[in-house]
Amino acid sequence: MSLSLHALQRLIRAASLLTMLAAVCSFHTASADVQTGIDELDGLFTRFVEGKGAQRTEALDALAALGRDDTRELLTGILEGDLMLHKETDTIVWATAQGREYAMQSLDRQNDLGSERKRKLSRLKVTNRLRGHLRSLIASLGLRSDDATERLAAIDALMETPEALPDATLQELLGSETDKKVSAALLSLQARKLALSPQPEQRLQALSTLGEDLSNDSRSLVQTLAENDSDEAVKTLAGKIARDQAAKVRLYAKAETVFFGLSLGSVLVLAAIGLAISFGVMGVINMAHGELIMLGAYCTWAMQQLMPNNLGLSLLLSIPVAFLFTGMVGILIERSVIRFLYGRPLETLLATFGISLILQQLVRTFISSQNVPVANPAFMSGVLEVNSVLSLTLNRLYILAFCLIVFALLLILLKRSRFGLEVRAVSQNRSMARAMGVPSSRIDSLTFGLGAGIAGIAGVALSQLTNVGPNLGQAYIVDSFMVVVFGGVGNLWGTLISGMTLGIANKLMEPWAGAILAKILVLVFLIMFIQKRPRGLFPQRGRAVEAH
Amino acid sequence: MSDSSTTAPSTSARPQRSRLSSIIFILTLIALIIGVSICNQLPAEHPLYVSNYMVTLLGKYLTYAILAVAVDLVWGYLGILSLGHAAFFALGGYVMGMHLMRQIGDRGVYGNPDLPDFMVFLNWTELPWYWMGSDNFAFTAMMILLVPGLLAFVFGWFAFRSRVNGVYLSIITQALTYALMLAFFRNEMGFGGNNGLTDFRELLGFDLRSDTVRLGLFIASGVALLLVFLLCDSILRSRLGKVAIAIRDAEDRTRFIGYRVESVKLALFALSAMIAGIAGALYVPQVGIINPGEFAPLNSIEVVVWVAIGGRGTLYGAVLGALGVNYAKTWFTGAFPEAWLFALGLLFVVVTLLLPRGVAGLLKFKRSSQAAS
Chain A
1 MSLSLHALQR LIRAASLLTM LAAVCSFHTA SADVQTGIDE LDGLFTRFVE
51 GKGAQRTEAL DALAALGRDD TRELLTGILE GDLMLHKETD TIVWATAQGR
101 EYAMQSLDRQ NDLGSERKRK LSRLKVTNRL RGHLRSLIAS LGLRSDDATE
151 RLAAIDALME TPEALPDATL QELLGSETDK KVSAALLSLQ ARKLALSPQP
201 EQRLQALSTL GEDLSNDSRS LVQTLAENDS DEAVKTLAGK IARDQAAKVR
251 LYAKAETVFF GLSLGSVLVL AAIGLAISFG VMGVINMAHG ELIMLGAYCT
301 WAMQQLMPNN LGLSLLLSIP VAFLFTGMVG ILIERSVIRF LYGRPLETLL
351 ATFGISLILQ QLVRTFISSQ NVPVANPAFM SGVLEVNSVL SLTLNRLYIL
401 AFCLIVFALL LILLKRSRFG LEVRAVSQNR SMARAMGVPS SRIDSLTFGL
451 GAGIAGIAGV ALSQLTNVGP NLGQAYIVDS FMVVVFGGVG NLWGTLISGM
501 TLGIANKLME PWAGAILAKI LVLVFLIMFI QKRPRGLFPQ RGRAVEAH
Chain B
1 MSDSSTTAPS TSARPQRSRL SSIIFILTLI ALIIGVSICN QLPAEHPLYV
51 SNYMVTLLGK YLTYAILAVA VDLVWGYLGI LSLGHAAFFA LGGYVMGMHL
101 MRQIGDRGVY GNPDLPDFMV FLNWTELPWY WMGSDNFAFT AMMILLVPGL
151 LAFVFGWFAF RSRVNGVYLS IITQALTYAL MLAFFRNEMG FGGNNGLTDF
201 RELLGFDLRS DTVRLGLFIA SGVALLLVFL LCDSILRSRL GKVAIAIRDA
251 EDRTRFIGYR VESVKLALFA LSAMIAGIAG ALYVPQVGII NPGEFAPLNS
301 IEVVVWVAIG GRGTLYGAVL GALGVNYAKT WFTGAFPEAW LFALGLLFVV
351 VTLLLPRGVA GLLKFKRSSQ AAS
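Sequence lines, in order, name chains A and B.
With my numbering, letter number 178 in the first sequence gets 178, and the count goes up by one each step, no holes.
With my numbering, letter number 47 in the second sequence gets 47, and the count goes up by one each step, no holes.
Treat the hints as calculated values from the structure; they're not laboratory data.
For glycine and all other residues, C-beta sits at the position ideal for the given N, C-alpha and C.
There's no promise every hint is true.
Here's a subset of chain B near chain A, in silico, CB distances under 8 Å, partners left out [to be verified]:
1) ARG163
2) SER170
3) ALA175
4) PHE185
5) GLY241
6) VAL304
7) PHE342
8) LEU347
9) VAL349
10) THR352
From the derived model, a few chain A residues whose C-beta atoms are all more than 10 Å from chain B [what the hints assert, rightly or not]:
11) GLN110
12) LYS120
13) GLU347
14) ILE355
15) GLN361
16) VAL478
To spell it out: a stretch of chain A is covered by chain B in this simulated footprint if at least three of its residues, at any positions, have a beta carbon under 8 Å from a beta carbon of chain B; those stretches are [said to hold, decoys possible]:
17) 332-345
18) 513-524
19) 527-537
Could you build all of it, start to finish, from the sequences and the hints given here?
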């Protein structure tokens, strides 16, 4: 009952709008021909100011139908109160506040009329109904705009009162529309129109379209139909569609969580994979790994300082630069310290921790102890909109892809190249490899350099996600170790899977546990896990294990 | 596994020597405590006068030294490199902090006789269950031992039984303290969140801000260090200590001979955690605050470096390292605040590369070369 009454009211309003919309649409084709005289405009405004009820609406419709270039401006002026009545001369003027006075301009903005004190001017009286009418008028004008975003805005404005748009116009617009987004918006406008129609058949037809659209508006419309519709068939179908939609929305929410998880996981994998090489392949605990990541992030910053006008290129260039730079630092660390500590993992741990402190302090002393600004190039910012419920941020998507590419390249390097063969030989049996002529000490420093270089690349990726500062690396060191240990030392696939698993687990728990508690729970889980399976998810088997 | 190669050189096989160094250490420590107490009473103009600031500072160092002994007990003699001992230290500190918070009573900012200020601020109406009994000193003293001890027991029970050792154990101890840090930062935990516990007034009815009480706390720390030293020293002389050293040097062989390696590790690890808890409980009233920053992984690693520098595998070396490094830290952060991390970082590298036995190792080397000549 309440719905049908509501629909009736809307119908009456729509009827009153029909005439003027027809006018608006017809005039526009013949637009910009005659600049209608100012007298006619004045006449219409007089009717608007002095008239009553329907007369005022008609005056506005007529004004819209005049086909002036500034119609929208005038209508907005009435709506926003920029047009005022000058009491002495009884004319309508544009009034702009200037201190205590108003500067006045004639309606066509051709003549300056001097300024006047506030009390000599009065606002045009606009009732709520007129306000709604004005908005629809402005919106329908926008429907024919050349700018797609303006058309979209106009359609959005009509969503509340879709019946204001005549069917014929809607069909015509649908036929001529070329922009995909605008067509989609028009279709959903049409569906909304049908959903409010008094005929149950039309409402049923509308439901099938509305079911496809997961936006908030359409879902709430379906919900309203499901709860209040007078027709049983419509009510049942709407109820079913509403449930379907809710299920889909839940599904997409899950998909989004998984995406966030994968995104966090890709960061973890990037951070951990360099460690997986130095720790897994060489058995070296590198506590300075986080600081190497930090140095990589600073490389991005430095490249951006060098070429501030080309952010995209500087980001791409900073990948090799960071790889080489941190790789060099890594080799330097290996040659100067770690070389002397092979076979003494606990000592290596302490010495590299000392190096991490030195690297941090170097950055603090020579660059700044504050965070440095790293800009995101245009192609990194933006959103990939899958539908109205699910949208993926591009930077996270790129980093996910980047992580997989780095992983694949590394895998190919280790499995398919001569260098990779030698690395694996040294890690499995050092003395045998030496006996076969592998220069084990050179392989050691190159392997460590490779791990460090990948840490640098991870830093480039991280610089696009978080703040770049001297403490950047510290936040990742514990996590990276967890990823490597969870996955199984010496197993790159294990690192990938464990990183992604931990990322998703973290994000799945966040909604009900909160970010920090989720992280704690993951840590506690890992501590328990290592107790159960000390060698991780995918342990190394065979003799190689004993050789470590 | 590579454990055997990571261990410290075994202590001298001559018990008389190490007994002599223990006696020298104990006498020095007693002399230090008495000396500082007397010099503190001198008039301020006197050249030997020790200021109140210095007394509190030394008291703080002594609690660090206790912590260092705890780490040395498990690392130097048992081969477990714990990167999470600061967690046990901080837990002991928090237990003490809770007691001190309750002692504030209705003198807090909000004047609530039952609830500490931060709980009133968070609109809590009653004390959480785990704060029960914290107003009783005897109960608190018990919890200072029990909380870190129990955590270490449970943690160690799982870890040692599944034979997690070496680097893996180090990393999960670090994860443990990291997880605790994150947890204590949460306001919902009921330990004051970010700000921790502070604004203490009195302990056992003594005003914590008075100079005599501060001297008293210094003496208490010194005596505690003395007792802890004696306890650890006698354990290490006992059969238990010999088995511990055997485990450090060749864990598998010890197990094959028939010793229950897990039980020995567990007992010493839990004992070490309790000692760390005592250190934390003495530390908090002297510095007047405990916050989650104490759980930071860096803190735990710093302790390890004190022990490494002083010389692991010798108890007095751990104490020397703790006192020396912390004095250097105070001096550096005053004179060249920028340079402290450089110095600390270099210390890590130099000690591991050049001084695997620490300063104590240097002394011992000198002595044995003299004995040889």
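Each hint, compared with the structure:
{"no.": "1", "hint": "ARG163", "in the structure": "holds (7 Å)"}
{"no.": "2", "hint": "SER170", "in the structure": "holds (7 Å)"}
{"no.": "3", "hint": "ALA175", "in the structure": "holds (5 Å)"}
{"no.": "4", "hint": "PHE185", "in the structure": "holds (7 Å)"}
{"no.": "5", "hint": "GLY241", "in the structure": "violated (21 Å)"}
{"no.": "6", "hint": "VAL304", "in the structure": "holds (7 Å)"}
{"no.": "7", "hint": "PHE342", "in the structure": "holds (5 Å)"}
{"no.": "8", "hint": "LEU347", "in the structure": "holds (7 Å)"}
{"no.": "9", "hint": "VAL349", "in the structure": "holds (4 Å)"}
{"no.": "10", "hint": "THR352", "in the structure": "holds (4 Å)"}
{"no.": "11", "hint": "GLN110", "in the structure": "holds (64 Å)"}
{"no.": "12", "hint": "LYS120", "in the structure": "holds (55 Å)"}
{"no.": "13", "hint": "GLU347", "in the structure": "violated (5 Å)"}
{"no.": "14", "hint": "ILE355", "in the structure": "violated (6 Å)"}
{"no.": "15", "hint": "GLN361", "in the structure": "violated (4 Å)"}
{"no.": "16", "hint": "VAL478", "in the structure": "violated (5 Å)"}
{"no.": "17", "hint": "332-345", "in the structure": "holds (count 6)"}
{"no.": "18", "hint": "513-524", "in the structure": "holds (count 6)"}
{"no.": "19", "hint": "527-537", "in the structure": "holds (count 6)"}
In this structure, the earlier hints numbered 5, 13, 14, 15, 16 are contradicted, and the remaining ones agree with it.
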